[in-house]
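Asks: Read off the chains here:
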Amino acid sequence: MSNVLLTDLHVSYIQSLDNHQDDLAYHLTSHLRLNGVYWGLTALCVMNRQDALPRDDMIEFVMSCWDHEAGGFGAHPEHDAHILPTLSAIQILAIQNALDRLDVERVTKYILSLQNPSGSFSGDFFGETDTRFTYCAVSALSLIGKLGLLDVEKTVAHIRKCRNFDGGFGSSPGAESHAGQVFVCCAALAIMDRLDEVNYDMLAWWLAERQLPNGGLNGRPEKLEDVCYSFWVLSALSILNKLPWIDSDMLISFILSAQDPEGGGIADRPGDMVDVFHTVFGVAGLSLLGYPQLRDLDPVYCMPADVIERLGLRKGWKALDRKTK
Amino acid sequence: MASMLAQHGVKRARQSPEALKAQKDKETAKLQEYLVLTDDIFTKKKSSDWSRPAFDLTTRLLNMNAELYTVWNYRRNILTNGIFPASTPEEINGMLSEDLDMTMVFLRKRPKVYWIWNHRRWCLEHVPDGPVDDTNGWRQAYWLKELSVIGKMLDADSRNFLAWDYRRYVLASMPNPPPEANELAYTTQKIESNFSNFSAWHQRSKIYTRLWADQLDHQTTKDEEFELVKQAMYVDPNDQSAWIYHRWLIGPGDEKVVLDREISVIQELLTVEPDSKWCLESLVHYKLLLVNKHGEKLTSDRQQLLDDCRRMLRKLKGIDPQRARRYDELESKCTASS
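Chains as they are written, first to last, in full-length UniProt numbering: chain A, 1 to 325; chain B, 1 to 338.
Among the hints, erroneous ones may be present.
[Claimed, not checked] Taking lysine-lysine and the DSSO-like style, the derived pairs with C-alpha atoms no more than 27 Å apart in a straight line are:
#	chain 1	residue 1	chain 2	residue 2
1	B	Lys256	B	Lys293
2	B	Lys317	A	Lys223
3	B	Lys190	A	Lys223
4	A	Lys109	B	Lys46
5	A	Lys161	B	Lys190
6	A	Lys318	B	Lys333
Hints are computed from structural coordinates only; laboratory data are not their basis.
Just need the whole structure built from these sequences, with the hints factored in.
Replies: Listed below in C-alpha cells is the structure:
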C-alpha cells in the first residue's frame, strides 16, 4: 500500500495496455476500445504525461473508428456507431487539438438524430435511452460548438423527469438516484446553464452522505465504496461548489490505497485487479481534491481544464486548491 | 489479465511466470477461434448477409462475448431483414422465445451488462400479434413471465438497479398491468426482508406519489408509512435508507402536527441512542423546517429551537467529523435566521 501517487508506474501501466494483443481479454474488450483510449489519455493528462502515448497514432486510431454509414464513431474499427464512443472520439480530438479532423456537420446530424420526442436521447438507432446518453449528446455538441442546435427546453424537461425527491437523478423517469447519473445530469445542466433545475441542499446532502467511514465513496445509499465514484460524486459536488462537505484527506488515502504498487494502475477497491477505467477516475478525483502536482481537471467535461478554457466552455465549478506537497 | 478495461470486485493475484504461460497456452486456441469468428462475422455484416448461417454465427460469438453490441445489432438486423419476412408469426414467436432464453442464460452470469438487457427489451417489443381471437395473448404471456423472471433477478441481488429499471419498464409495458397495490406489496416484502434496501423504498416513493395524487384522503395510509419507517429506524438507526425515505414523507413540512409528532418520535429514539448521527441530523432538519415554515405559530420557543439545532450541530461535528464543514454551514444558517 502506498501513500503517494505512483505516477511513473501508472504511466507505464497505461502505455502497456496496448501490448496485450495476444491476450484473449484484450480482444474481449474491443467494444470499449475507444472509451479506453479516452480514459488512458485523460489519466495521462492529469498526471502531466500527455505525451506518453503517441499523438498521431492515437488520432489515426480515432479516425479509423468512424462509421461512415451512420456518421458517428464506433468503439473499434468496423463497430457500429454509438453515442458513447462518439463522445470519446470528440473528447480525444479536442484534447489533442485535432477537432479539424472531424466531419462536424455529419456528426452533429447523427447526435441530434438520436433525440426522441420526449427529449431523451438514445444511444444508437436501436433506441436504448439513458440520461448518460443525454450527457454524451450535450457534452459532444458543446465541444464542437453546436449546442445552439439543440432543443434545450426539451432536453432539460426530460432530465427534470429523472430527478428524484432525494435531489439525485436516475437513468430514466422513475429510476433510483445513482451517483453516475447524478454526474451526467448535473454536468449536462451545467453545460446548458440550467443548474436552476437542481435542488442544491438536498443533492449536496445526498452526495456528502456517499462517503463511508473508510473514506471511500459509494454510489447509492447502503452500498460499497468504489474508486470510480471518486470522480462522479466529486464532480457533482464541485459543480455545486460543495466539495468541502466531505473529508478530502480520507478520500485521498482511500484512492491511493487502491493503487497496485507493483504493476501500476488503480482498482475499484484496495487489493483488487486494476483497470484503466478506475485509474482515470481515481486520478481525476485526486486532481479535484487538490492533490499536489496534478493538472487541473474540468469536472463538467472530465477533460483537462485548460483544454476546456481554450474552447471557451469553462463553467462556474470549484475544485479544492492545489496543495503544494 | 492486465488488459481488462473495466472490472469490479476481482481480487488481485500475482501469478507465477509458469502459471501465466500455462494460462496463455490454454487461451491460445480459444483466442484463435474468437478472432476467426469475429473476422467472419464482420465480413458477412459488411456484405449485408441476412442468412440463417450468419445468424447462427452471431449466437456462437455472443456466447463467447455478450458485450459485442455491434454483433447484437447485426443479429437483430438479420432477424428483421432476412429471417422474419420469410417466417410465420408462430415461427417468429418461437425464435424470439429462444433469444429470450439465451439472454437469460447470459444475465445469470453477467447481470449488469446493459447490452443483454437491451436485447431482451427488443425481443419483447417484437412479439407478433397472436391468433385472431386473442391478438394480445402472446404478448401478455411474455410480460407476465418477465415479471417472474425479474423477481428472481432481484432475489439474487435486491439492489441491481438495472433489474429495478427493467421491472418498471415491464410494468409500464404490459397490455394489462397488475394493480399498483401488487407492486406496493412487493416492495413491502422486499423492505421487510431487508430494511436497508433503498431501491425498494425508492420504488415505494414512486408508487405512493401516483396513488396519493389520485386520492383526496390519504392521511391513513401516510400514517401507516410513518409507522413502517419508524420500525426501520428502530431496527438500525445507522441505516440511512429509512432516514432518507422519512425525509420524503415529511417533504416540505407543510403539516405542523405531523412535524411535531415525528420530532417527538425521533427525540424518543435519541434518548435510547444519544449518539445517533441520523437522529441528530434529522432533528436539525425538521426543527429548522418548523422554524422556517411555521415560525408565526411558534411563540416563545423559536429561540430555543435554534439553540437546540446549534447544540446538535456541534455534537454532530464530533460524531461525524467527515461532514464537519456541512454542519458548520448549517450552524451559520441557524444564526442568520434567528
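Asks: Look at each hint and say if it fits the structure.
Replies: Each hint, compared with the structure:
1. This hinted pair checks out: Lys256/B and Lys293/B have alpha carbons roughly 8 Å apart, not beyond 27 Å.
2. Of the pairs offered as hints, the one joining Lys317/B and Lys223/A holds, with about 24 Å between alpha carbons and a cut-off of 27 Å not exceeded.
3. Proximity of Lys190/B to Lys223/A is assessed by CA-CA distance (about 16 Å); at most 27 Å being required, the pair is judged to hold.
4. Restraint check for Lys109/A and Lys46/B: satisfied, since their Cα atoms lie roughly 23 Å apart, inside the 27 Å limit.
5. With a C-alpha separation of about 25 Å, the suggested pair Lys161/A and Lys190/B falls inside the 27 Å cut-off, and the hint holds.
6. Between the alpha carbons of Lys318/A and Lys333/B the distance comes to roughly 22 Å, so the proposed pair stays at or under 27 Å and holds.
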